[in-house]
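> Here are the chains, one letter per residue:
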Amino acid sequence: MNRARITTLALPILVVLGSVVVLLILAGTNPWDPIRIIVEGSIGWPPFEGGSARKVGDTFMVWVPIALASAGLIVTFNAGMWNIGIEGQIIMGAIAAALVAREVSAPRPLLILLAILAGAAGGMLWGLLVGVLRTAGGVNEIFGGLGLDFVALSITTYLIIGPWARSGVASTSGTNPFPDNALLPSLGGSKLSPLAVAIAVLALLGVWTLFRGTLYGLKLKAVGRNRSSAFLMGIPTNRYLLGAFAICGALAGIAGTSQALGLHFKLIPAISGNFGFLAILVVLLARFQPIWVAPISFFFAMVAVGGPGLSLRLGLHGSLGGVLQGVLVLSAMLGLGWAAYLTRRRAMTESGVSSG
Amino acid sequence: MTKSKNRWLSLLALLLAFAMVVAACGDDDAGGGDTTAAPAETTATTTATATTSASATTAATATTTGGDAPEGFKIGLILVGPRNDRGYSQAHLEGAEYALEQLGLSVEDDLIVLEFANTGDTPGLSLPRTAQDMVDLGAELIIFNSDDMRDGAFEAAEQLPDVPMIWVSGDSAWEDGKDFQPGLSNLANVWGQMIFGKMIAGCAAALETETGQIAYLGPLTNDETRRLVNSSFLGAQYCWENFRDEPADIGFTVTYIGFWFEIPGVTLDPVLVVNDFIDGGADVTLSGIDANVALIRSGQRADAGENVTAVPYDFIGACDEAPEICLGVPYFNWGPAYLDAARAVIDGSFSNTWTWFEPDWDNINDLDSSVVGFLQGDGLSADNAASLDTFIAGLADGSIELYEGPLNWQDGSQFVGAGEVATDFQIWYSEQCLEGIVGVCSVNVFG
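The listed protein sequences derive, respectively, from chains A and B.
Mapping of the first sequence onto my numbering: position 96 corresponds to residue 96, and the numbering continues sequentially without gaps.
Mapping of the second sequence onto my numbering: position 426 corresponds to residue 426, and the numbering continues sequentially without gaps.
Quick caveat, the hints were computed from the structure, so don't treat them as lab data.
Some hints here could point you the wrong way.
Claimed, not checked - Label-pair ranges, simulated between beta-carbon atoms:
1) B:Pro161 with A:Ala198: 31 to 41 Å
2) A:Leu113 with B:Asp279: 47 to 57 Å
3) B:Glu210 with A:Ser105: 52 to 62 Å
4) A:Leu195 with B:Val438: 47 to 57 Å
5) B:Glu175 with A:Ala53: 27 to 37 Å
6) A:Arg36 with B:Asp162: 46 to 56 Å
7) B:Ala393 with A:Trp45: 53 to 63 Å
Quick caveat, the model's predicted, so the values are computed rather than measured.
Where is the CB? At the ideal position from N, CA and C, for every residue including glycine.
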């Protein structure tokens, strides 16, 4: 491994670790304790040995939507689109799946299949709406997406305190739980749904394959790199952009389905868990590589699930987990930028030497 | 990726990460400005005059200070909002602290608290897992403090059937309620009879209003909130007719913003609603939402020279935000309720009872015994304070029974016939607002 490669890998890690240690010291605690508590609270201590099946199951079920949303975002980012509207796509997927879970009566396998398809369709339609606004209306996808995020949130709220309200006690607690028949099958004693995990893994593999081994992926990348050139080369750019939004929306919709039918078992106002926004950071940290999305998503899932334990066991503020996430991302970006700068400078120096 | 695109990516990531840090750090003391939600009152016990039903108790037991608890007894308290919100969650925290102190235990060592226990603030939260964590840390009594925690509390009670738990505001342990869960033998419910606090609040408003127009800032429409609106109205109507001797009817308007707190773009803006109230002639605003917007906005309008007052809700210290125009606050005092529950756990008598604590009518502001109180504010004149005391005394001795018929619903249909008194069940599951109240109180604000 050459020096530049070592720098690229090691520097971000060192910066991240240093930042976390400083943050935790500032919070008045031994840096090791919170890390251990997050690990213990999410996958057990020692990892995967000392924890209950419930903890591990919850962590995986948080990982699923982050990984699915990240997989979708890799597609839109490669197409050059900033799909900030992914939160709304997750929400609409959850709503569509909830509709099926509440209203459709069918044998369990069929019902779950229908719910997943409905979730994918809900997210896809919401994603396509962003795409249509972008391609036909000239509305920047960031603004269109953000606007549709708010609309989706409003629809959820409306449903929860309106038509789908619990009888007599409409509140933020969400709708009535879905019938057992509509819930994703899980391993005994936990919420871990092998089906949801398998879909997320397949999604990541699918996206990896899309950009590694298909002409469609290659053309999508071309659209993302230079839309005008791609168009001149005969690629129907708008159609490809819409395709990217459709794929991303569908994956986000399945993420919403997993949230509704696999984690919360009902529709709640915060059904997205902000995992769409988190997925944007995951994808950026992973440098658009599906293979890195999996572990990075898992790390954030651990922080999300294990974070509340900081308040219980150390008396630290309950939101420290969120602060930790933000600092991690900031420091990772700083480390990556620093490493890139050093690599560039070295290359320029070497280039100067050789040419001189 | 081009260099330019990388730059944009980095910028976007930095912005998002910064937003995450800010979001995580913020809202420490939001008095309901985030996703905290007030609980729904749950099951009813008595009629308004305090006849007891099978599962209800009346006032909390008297306290005995001193170490009557085994060493190491701990309470696990799961708060829907921040511990220092000067509102709903803080009232529960102070209640648990009181219980431990009365038992001679250490608040620092024996109270395990999780705050922000809602999926908006803590997306990865699992209430059953949190309950298990608390048990692992030694908690022998787990308290879920919000109606929002219904499903999580049920799940936790199922998974940990030997651990005593309380779902505050729930009706799962009320045999006559609509949501009775006989299988959850370790899950009890507590709640306070805030209907009386609201009656007193309504009376204070009627005593002070000069325009004869009172407004109520409602959250979302459900049985609980309608019950509290109705109770406020009945208190206002009684005091208007009996202490003011005014010929015209009292004006009482309710506007529901659509949620327990403001969601920009989704709910009505409570500040604008309060402005509308005042601009429409109301000079007293009663608050039914989590955030202290009614008092704060009314205080601002009063500072600008307008003669307006307000009545906040929930927390004993709520008047501090604008004391000079605060007529008083109906508040919860959870200490006696939690002390009762802790003692029941210690002596082995804890069971899945449902308790709707009525005020201690000997002194509704006795923090050792009354779960519901009303603290008079500086905005109430001395004369009106005396009238209010008379009204409270009437409620206490039963000479004032506001839920006695004839009472009609807002649509004109009969709620309680002449000479009858509404049952707990009728009051609890209030289907509509009462006749005389102006405003939409139907199933939900969206129709």
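> Could one say that the CB atoms of Arg36 of chain A and Asp162 of chain B fall in the range 46 to 56 Å?
28 Å, violated
> Is 52 to 62 Å respected by the C-beta to C-beta distance linking Glu210 of chain B and Ser105 of chain A?
Check passed, 59 Å falls within 52 to 62 Å.
> Do Pro161 of chain B and Ala198 of chain A keep their Cβ atoms within the hinted range of 31 to 41 Å?
33 Å, holds
> Go ahead and decide if the range 47 to 57 Å is satisfied by the Cβ distance of Leu113 of chain A to Asp279 of chain B.
The hint (47 to 57 Å, Cβ to Cβ) holds, given that Leu113 of chain A and Asp279 of chain B are roughly 55 Å apart.
> Take a look at whether the Cβ-Cβ distance between Leu195 of chain A and Val438 of chain B falls inside 47 to 57 Å.
Holds, at about 52 Å.
> When you take the CB atoms of Glu175 of chain B and Ala53 of chain A, is the distance between them in 27 to 37 Å?
For Ala53 of chain A against Glu175 of chain B, whose Cβ atoms are near 35 Å apart, the range 27 to 37 Å holds.
> CB of Ala393 of chain B to CB of Trp45 of chain A, is that within 53 to 63 Å?
Holds - the Cβ-Cβ distance for Ala393 of chain B and Trp45 of chain A, about 60 Å, lies within 53 to 63 Å.
In summary, the structure is inconsistent with hint 6 from the numbered list given earlier, while agreeing with all the others.
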